[in-house]
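Visitor: Next come the chains, spelled out residue by residue.
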Amino acid sequence: MTDHDISLTVNGTDHDLTVESRTLLVHAIRDQLGYTGTNVGCESSTCGACTVHVDGDAVKSCTMLAVQADGTEVDTVEGLAEGGEFHPIQTGFQEEHGLQCGYCTPGMMMTATDFLESNPDPSREEIREGLEGNLCRCTGYQNIVNAVENAAESMSSGAV
Amino acid sequence: CGHGRGGMGEEVKRKEDQRFITGRGNYVDDIKKPGMLHCELVRSPHAHARIENIDKSRALDVDGVVAVLTAEDLLEYDLATMPTLMADTQDVLVNDKVKFQSQEVAAVIATDRYTAKDGAQKVVVDYDVLDPVVDPYDALEDDAPLIRDDIEGQEDNHCLDWETGDREATDRVFDECEVTVKEDMLYQRLHPAPIETCGAVGDYDPGKDKLTVHMTSQAPHIHRTLFAQVSGIPEHKIRIVSPDVGGGFGNKVPIYPGYVVAAAASYVLERPVKWMEERSENIQSTGFARDYHMTGELAATKEGKIRAVRTDVLANHGAYNAVAQPSNFPAGFFNIFTGSYDVETAYGSLTAAYTNTAPGGVAYRCSFRVTEAVYLIERMVKVLADELDMDPAEIRRKNFIQPEQFPYESPTGWNYDSGDYEGALDLALEMADYDHYREEQQRRIDEDADKLLGIGISSFTEIVGAGPGKTCDIAGVEMFDSADIRVHPTGKATVRVGVQTQGQGHETTFAQIVAEELGMNVDDIVVEHGDTDTDPYGLGTYGSRSTPVAGAAAAVAARKVREKAKSIAANELEAAEEDVTWDRQSGEFHVAGAPERSIGITEIAAGAYMNHPSSEEPGLEAVDYYDPPEMTYPFGSYIVVVEVDRETGEVAFEKFVAVDDCGNRINPMVIEGQIHGGLAQGIGTAMLEQVTFDDNGNVTGGDFMNYLLPTSMEIPEFETGYTVTPSPHHPIGAKGVGESPTVGSPPAIVNAVVDAMKHGGITHVEMPMTPDVVWEKLDEAGLAIDPADQ
Chain S
5 MTDHDISLTV
15 NGTDHDLTVE
25 SRTLLVHAIR
35 DQLGYTGTNV
45 GCESSTCGAC
55 TVHVDGDAVK
65 SCTMLAVQAD
75 GTEVDTVEGL
85 AEGGEFHPIQ
95 TGFQEEHGLQ
105 CGYCTPGMMM
115 TATDFLESNP
125 DPSREEIREG
135 LEGNLCRCTG
145 YQNIVNAVEN
155 AAESMSSGAV
Chain F
97 CGHGRGGMGE
107 EVKRKEDQRF
117 ITGRGNYVDD
127 IKKPGMLHCE
137 LVRSPHAHAR
147 IENIDKSRAL
157 DVDGVVAVLT
167 AEDLLEYDLA
177 TMPTLMADTQ
187 DVLVNDKVKF
197 QSQEVAAVIA
207 TDRYTAKDGA
217 QKVVVDYDVL
227 DPVVDPYDAL
237 EDDAPLIRDD
247 IEGQEDNHCL
257 DWETGDREAT
267 DRVFDECEVT
277 VKEDMLYQRL
287 HPAPIETCGA
297 VGDYDPGKDK
307 LTVHMTSQAP
317 HIHRTLFAQV
327 SGIPEHKIRI
337 VSPDVGGGFG
347 NKVPIYPGYV
357 VAAAASYVLE
367 RPVKWMEERS
377 ENIQSTGFAR
387 DYHMTGELAA
397 TKEGKIRAVR
407 TDVLANHGAY
417 NAVAQPSNFP
427 AGFFNIFTGS
437 YDVETAYGSL
447 TAAYTNTAPG
457 GVAYRCSFRV
467 TEAVYLIERM
477 VKVLADELDM
487 DPAEIRRKNF
497 IQPEQFPYES
507 PTGWNYDSGD
517 YEGALDLALE
527 MADYDHYREE
537 QQRRIDEDAD
547 KLLGIGISSF
557 TEIVGAGPGK
567 TCDIAGVEMF
577 DSADIRVHPT
587 GKATVRVGVQ
597 TQGQGHETTF
607 AQIVAEELGM
617 NVDDIVVEHG
627 DTDTDPYGLG
637 TYGSRSTPVA
647 GAAAAVAARK
657 VREKAKSIAA
667 NELEAAEEDV
677 TWDRQSGEFH
687 VAGAPERSIG
697 ITEIAAGAYM
707 NHPSSEEPGL
717 EAVDYYDPPE
727 MTYPFGSYIV
737 VVEVDRETGE
747 VAFEKFVAVD
757 DCGNRINPMV
767 IEGQIHGGLA
777 QGIGTAMLEQ
787 VTFDDNGNVT
797 GGDFMNYLLP
807 TSMEIPEFET
817 GYTVTPSPHH
827 PIGAKGVGES
837 PTVGSPPAIV
847 NAVVDAMKHG
857 GITHVEMPMT
867 PDVVWEKLDE
877 AGLAIDPADQ
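The listed protein sequences correspond, in order, to chains S and F.
Residue numbers for the first sequence follow the numbering used here, so the first one is 5 and each next one is one higher.
Residue numbers for the second sequence follow the numbering used here, so the first one is 97 and each next one is one higher.
Honestly, I wouldn't trust all of these hints.
Far from chain S, by Cβ distances over 10 Å, these chain F residues were calculated [as the list claims (entries may be wrong)]:
| hint | residue |
| --- | --- |
| 1 | ALA163 |
| 2 | GLU500 |
| 3 | PRO507 |
| 4 | ARG582 |
| 5 | GLU768 |
Simulated restraints, written as ranges between beta carbons of each label pair [stated by the list, open to error]:
| hint | chain 1 | residue 1 | chain 2 | residue 2 | range |
| --- | --- | --- | --- | --- | --- |
| 6 | F | HIS532 | S | ASN123 | 32 to 38 Å |
| 7 | S | SER49 | F | GLU331 | 38 to 44 Å |
| 8 | S | ASN123 | F | ALA748 | 20 to 26 Å |
Keep in mind the hints are simulated off the structure, nothing from the lab.
C-beta: ideal position from N, C-alpha, C; glycine also.
Using the sequences and the hints, build the whole thing.
Guide: So, in structure tokens, the structure goes:
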């Protein structure tokens, strides 16, 4: 198995690491770098619990090789809050009870933040479409839709 | 209720969220220990086969593989088999014959998870393939292959028989009755599929001679006891820790071979060993749900008064009888099947069969087979209503147990605590705009519309909170639960409980119970659970039992603390104890007639440690182990309106109303979330989910590509409502609720789809009601629009 030396920036911190060709990005993030907020829920690229941002785009990190992330900026749930302040999506999830066991939550929030970038004022139906790639077994989605609406509102009111 | 301190009834935001929304939860696979190894299980590709030989040598040659364990290695420690909760024996690693596809055959232990997988690929197992049998009817045929040749005297695939009620009286009513209806229905095999799969980190410390196992466990104390019984390691030298659990849904109640292997491997290798299964392993080998083939019958008068219920069930228990339920209840609480109705008599019989499929049966918000029971009765009431051409709401009203009949003893022996069924139904009908949709339904029929409308009702009664120690036990341990409250000198408190949250919000809601009872602020209380070294012994969280049992224990323990606090308050206030009264509103004690002379928990706690009365011990704490006198019986009425596309068979939800009554409500926000999640699982059940097998015993619905979980797109907006009928025997009048939505909603959904086609003579549609299944029924009823004819 060939090893590769790669460099990537995770949540603003530069990391150099050695990975095998086959190492999945999710395992590089979790096992090698210790960002365990990103989770694994399946092996068929269905559940989205592993969603992170790679150069700003929401990506299922179980379906990308770590070596493909060489030179990229990766953002995970651990990087959402800035300077001790929650990101509006985090506040939204807590305010609206958008999580229970918390296992899908990091991936769900990473998908939602990317989605809100492209659609800052979505309808409920659009939010549901935007989150279709993320499975949740606890919430029945309704409060997650509320959480994303909540975040959209506070993000737009915060914008000048 | 609600004094702004975060007590009973307040929508307190969850304490748990802080760590989960920042990625700081601690789930099993997040755990990393020095020297930790990884375990990958080698699983059987066959459903039924003799193992002729296992060759480890090529696996051991893989760089980084530390060990390969087989049954032979475990036999040395007497760990090759383990007892199930139903007194059967299950293989940990198979010695002689595999009995279902994906069964555990060998374990490869390596330095990382990738290498462990490489090693697993290189274990060569020679199989002599036998004929499998996956269908329970086929399994009971005379010429069926014998699955359990390991059980002495077992000559066929018959697992057990069970019956309930009065057979003769029931048969008599059926013989003399004016109207009888009968329907066969399958509650298909499902899987709870929590998004986090099962896993464990075994860590035997030879220096302390102590085994620590972090595991995805809904019942860590019981698991400790079972580990002790199986391994011979004494219980005080075993510590089970259930950390954050990414959903359980009943999947994490049983002990699985992977847990035992991780613990055994750490014992043998004296290094921590992590086992974390993948999704397909989870669905294919861990506890499934349902798989009841049911025949339902009702006997009634022409006016729709139900007189008797009769049922016969064939249950598929898989290759081992490993159903996770109280020992004395081989069919769980299925005999709640007379439901919300006052009937003269009832009888039920059940046969269970072994098949070449994974073991399980009780899981996925079933409350010990109440899902099946409620499905049976609520489907049958709809069948009867259609037979008599009666409105399904009216026929329920006519048969409901009335509020004044509680406590009500059912014909199968359950003692329902309280209820007002008509109240819940009336509210649901109003919320659903029932009359409007009935008219709309007829209009579409009259106009030969492309999309039919159907309205389904389910008025269910749950039974949760197992249970009274005189009848309910798990592996012999009575089904009590516990709480331990310690108030610290500065007036803050640590509460430890014997239950184990998997997302249901216990860290918040148990603090609310204690806050209410002690006049504390909810933020001044921390709730801990899941560590058998520190928490009081409890039976765990499943069967919606946390609130009924441990919730009761928390209130009773808090009242014990309050009793002592009263004595301290009297000492501090320099008043006689009988002159001191507790004011729930202010959360303080005061001298009778002099409310200005009052004292709250902070001063009382200080007094307990710094100026304790001579009549009392110093300190301020209490423990309660609560043996519930009865179960709690929450109830609800759900109404579902669906649109059925006559061309495609697709079903769309027009309206989804759920009214629940779980007695006094601790945190309405958390209850609402439980309801939403449970309803989504009910929709998954009715519309999408099924574990299937082909004739060779291959699992054909064994991953997320084929076992379909609903996404945000399949789930409609829910409208929830509630009524409040407290449990009279519960210390705070609260009933369990977590499983009600999954118990109650599938029959409402099926009833709605049947209702849309009833004018075509359709009486039943099997789950999951995928478009092809529905289209076949439309076609059978002459209601389908064939695209080819357009």
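Visitor: Next step is simple, just say for each hint if it's right about the structure.
Guide: Hints, one by one, checked against the model:
1. ALA163: holds, 21 Å
2. GLU500: holds, 35 Å
3. PRO507: PRO507(F) is indeed farther than 10 Å from all Cβ atoms of chain S, at 35 Å.
4. ARG582: holds, 27 Å
5. GLU768: For GLU768(F), whose nearest Cβ neighbour in chain S is about 7 Å away, the distance does not exceed 10 Å, so it is violated.
6. HIS532(F) - ASN123(S): 32 to 38 Å: Distance hint for HIS532(F), ASN123(S) holds at roughly 34 Å.
7. SER49(S) - GLU331(F): 38 to 44 Å: About 43 Å separates the Cβ atoms of SER49(S) and GLU331(F), which means 38 to 44 Å holds.
8. ASN123(S) - ALA748(F): 20 to 26 Å: Hint holds: Cβ distance 24 Å, inside 20 to 26 Å.
Hint violations for this structure: number 5 only, all remaining hints satisfied.
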